[in-house]
Amino acid sequence: MKLSRRVEEIKPSPTLSLDAKAKELISKGEDIISFGAGEPDFPTPHSASEGGKKAIDLGKTKYTAVDGIPELKRSAVKRFYDFFGVKYDIGEVIVTPGAKMAIYEALFSLVDEGDEVIVLSPYWVSYIDMIKMVGGKPKIVETKPENDFEPIPDDIAKSISERTKLIILNFPCNPTGSVASPETFKEIAQAIRDKDVFVISDEIYGTMVYDGEFESFAKFLKDRTVVIWGMSKTYSMTGWRIGFAFGPEKIISAMKKVQSQTTSNPTTISQYASLSALEEEPQKFVRETTEEFRKRRDLIYGLLVEMGLKVVKPKGAFYIFPDVSQFLGKKVKNTDELS
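Position 271 of the sequence shown, counted from 1, bears residue number 270 in numbering that gives the first Met the number 0, the numbering being contiguous throughout.
It is possible that part of the hints are untrue.
Said to hold, decoys possible - Just the calculated beta-carbon pair ranges, DEER-fashion:
hint, residue 1, residue 2, range
1, Arg162, Pro13, 26 to 32 Å
2, Glu290, Asp128, 31 to 37 Å
3, Lys249, Lys53, 32 to 38 Å
4, Arg162, Gly58, 46 to 52 Å
5, Gly58, Leu298, 42 to 48 Å
6, Ala156, Lys136, 17 to 23 Å
7, Val331, Pro13, 17 to 23 Å
Think of the hints as simulated: they come from the structure by calculation, not from any bench. All C-beta atoms, glycine included, are put in the ideal place defined by N, C-alpha and C.
Make a model of the complete structure from these sequences and hints.
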């Protein structure tokens, strides 16, 4: 059977494949530690669970507007402003079935066949294949551990060609935990301001910052930036599949068109659960889980340094990216020896 060229060019998500394998082993009673998908291990906030149950009890289980219920869009706009200080109108936000779908819709709306999309390395595994799915060509710009994996604005500027349509930024970063400073973002914005280039700023981990200061890239180039955010990481709601994209109304309208012909509206029950989580005051859950992740960051970083590994201390997200090159090529007999 011959499948399409498009699907033959992409790979399955390795993190989700590994996560599925880990869950299969756990279901068989195996005692393992999963290094698969990035997922908070905290329970979903009580307010969200109750909001979802209430929606079911009230019969709120039908289709909604393609781009999400208005009250959730308003609440997302308010909460994004509270967290990041960037103000959007309700027409400048779309609710999507997870942040991954928001990224795909933005790529689909902006990238034509053969357009270059700049991606900073190390990068989240799905960016490259999603770019290929919309006909784009990934162009990799490396970030380096000696610079704490922060991008060098001049490196980005030099990589832009006449075919470059888009830059993907992801800070706090998966997989390095690096956080680009406001000064770095400002310099990147200045470097591309006079070029016809858009930015997708994946800020799904934006509330999880432990050291330094994080500001949304939209503060520096709002008219050409699509910001990605969502409920999965901040509110431990990965399975509820609710994401947001904030950006210029023309781009958001295009994304709505894509969504109308693919997924339709995000799950109705999940929207009402998300609304309850966003509206809860104070945002105690976010503060407490962020502090717990900070403690874990400190613990794992200290242990890796104690082992003699080269590792940059993450400033955000819940990842750490040690340099294991000293072990490459060595043979181990079993998992105990590996550990």
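Status of each hint after checking the structure:
1. Evaluation of the 26 to 32 Å hint for arginine 162 and proline 13 yields a pass: the beta carbon distance comes to about 28 Å.
2. Taken as a hint, the range 31 to 37 Å holds for the pair glutamate 290 and aspartate 128, whose Cβ atoms sit roughly 35 Å apart.
3. Checking the proposed 32 to 38 Å range against lysine 249 and lysine 53 shows it holds: the Cβ atoms sit about 36 Å from each other.
4. Taking 46 to 52 Å as the suggested C-beta distance range, the pair arginine 162 and glycine 58 conforms, at roughly 51 Å.
5. Separation of glycine 58 from leucine 298 is about 46 Å and conforms to the stated range, judged on CB atoms against 42 to 48 Å.
6. The hint said 17 to 23 Å for the Cβ distance between alanine 156 and lysine 136, and at roughly 19 Å that hint holds.
7. Our hint of 17 to 23 Å for valine 331 and proline 13 holds, since their Cβ atoms are close to 21 Å apart.
Of the numbered hints given earlier, the model fails none.
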